[in-house]
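Numbering of the sequence shown is given in full-length UniProt numbering, commencing with residue 1 and proceeding in unit increments.
For the record, the hints were derived by calculation from the structure and aren't laboratory data. Some clues are possibly wrong.
Taking lysine-lysine pairs in the PhoX-like style, the calculated list, with each CA pair at most 20 Å apart, reads [what the hints assert, rightly or not]:
| no. | residue 1 | residue 2 |
| --- | --- | --- |
| 1 | K127 | K99 |
| 2 | K99 | K133 |
| 3 | K98 | K45 |
| 4 | K133 | K67 |
| 5 | K137 | K96 |
| 6 | K98 | K137 |
| 7 | K67 | K45 |
| 8 | K67 | K137 |
| 9 | K127 | K108 |
| 10 | K127 | K45 |
| 11 | K94 | K108 |
| 12 | K45 | K108 |
| 13 | K99 | K67 |
Computed from a predicted structure; not experimentally measured.
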Amino acid sequence: MTALKYLQAYPVQLQDQVRQLIADGRLGDYLDQRYPGRHDVQSDKALYGYALELKQEYLRNAPAIDKVLFDNRLDLTHRALGLHTTVSRVQGGKLKAKKEIRIASLFKEAAPQFLKMIVVHELAHFKESDHNKAFYKLCEHMLPGYHQIEFDLRVYLTWRDLQ
Numbered sequence: 001m002t003a004l005k006y007l008q009a010y011p012v013q014l015q016d017q018v019r020q021l022i023a024d025g026r027l028g029d030y031l032d033q034r035y036p037g038r039h040d041v042q043s044d045k046a047l048y049g050y051a052l053e054l055k056q057e058y059l060r061n062a063p064a065i066d067k068v069l070f071d072n073r074l075d076l077t078h079r080a081l082g083l084h085t086t087v088s089r090v091q092g093g094k095l096k097a098k099k100e101i102r103i104a105s106l107f108k109e110a111a112p113q114f115l116k117m118i119v120v121h122e123l124a125h126f127k128e129s130d131h132n133k134a135f136y137k138l139c140e141h142m143l144p145g146y147h148q149i150e151f152d153l154r155v156y157l158t159w160r161d162l163q
């Protein structure tokens, strides 16, 4: 039985369906059929504009984003597809907090839905710090079908590991 490290939290029936697709050599076809295109966001500047646009549409009252970039150092071994950070610095007599989002560079080659899912996930952390019901409700609001896309992203990561 193939260990599916990205899908461990899902029901055994779903894992078995993925294992069957792997055994039949059809996992890549499944992903290509559901997510045929690749996005055009290739630079940090374009990624910043993309994230800012989503923030403006759904999270106008959230803190400003200071930096958004693709990060080569984020890797899947630490389960980090994206990171949201707040960097605090003292400037004069004031404490300034800068909000940053870092997206794993592997998403430069991914489907647009996967990039949007990761950006939405990290933006949602500006409003909800924990992965709770309100957090996932916000993600679903910003990206209808969020849960299915997250599952398919995990299937995509499984497929990449098999390559």
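For each hint, the structure was consulted:
With a C-alpha separation of about 12 Å, the suggested pair K127 and K99 falls inside the 20 Å cut-off, and the hint holds. Between K99 and K133 the CA atoms are separated by roughly 23 Å; this puts the pair beyond 20 Å, and the hint is violated. The straight-line distance between the Cα atoms of K98 and K45 is roughly 17 Å, inside the 20 Å bound, and the hint therefore holds. The suggested pairing of K133 with K67 is violated, with an alpha-carbon distance near 27 Å, which exceeds 20 Å.
Annotation: proposed proximity of K137 to K96 is violated, straight-line Cα distance about 30 Å (limit 20 Å). Only pairs whose Cα atoms come within 20 Å are accepted, and K98 paired with K137 is rejected, the gap being roughly 25 Å. Of the supplied pair hints, the one linking K67 and K45 holds, its CA atoms being roughly 9 Å apart against a limit of 20 Å. For the suggested pair K67 and K137, the alpha carbons sit about 25 Å apart, so the restraint of at most 20 Å is broken.
Proximity of K127 to K108 is assessed by CA-CA distance (about 26 Å); at most 20 Å being required, the pair is judged violated. Distance restraint check for K127 and K45: the Cα-Cα separation of roughly 23 Å exceeds the 20 Å cut-off, and the hinted pair is therefore not satisfied. Restraint check: the Cα-Cα separation between K94 and K108 comes to about 37 Å, which exceeds 20 Å; the hinted pair is violated. Straight-line distance between C-alpha atoms of K45 and K108 comes to about 13 Å, which keeps the hinted pair within the 20 Å bound.
Note on K99 and K67: the hinted pairing holds, with a Cα-Cα distance of about 7 Å set against a maximum of 20 Å.
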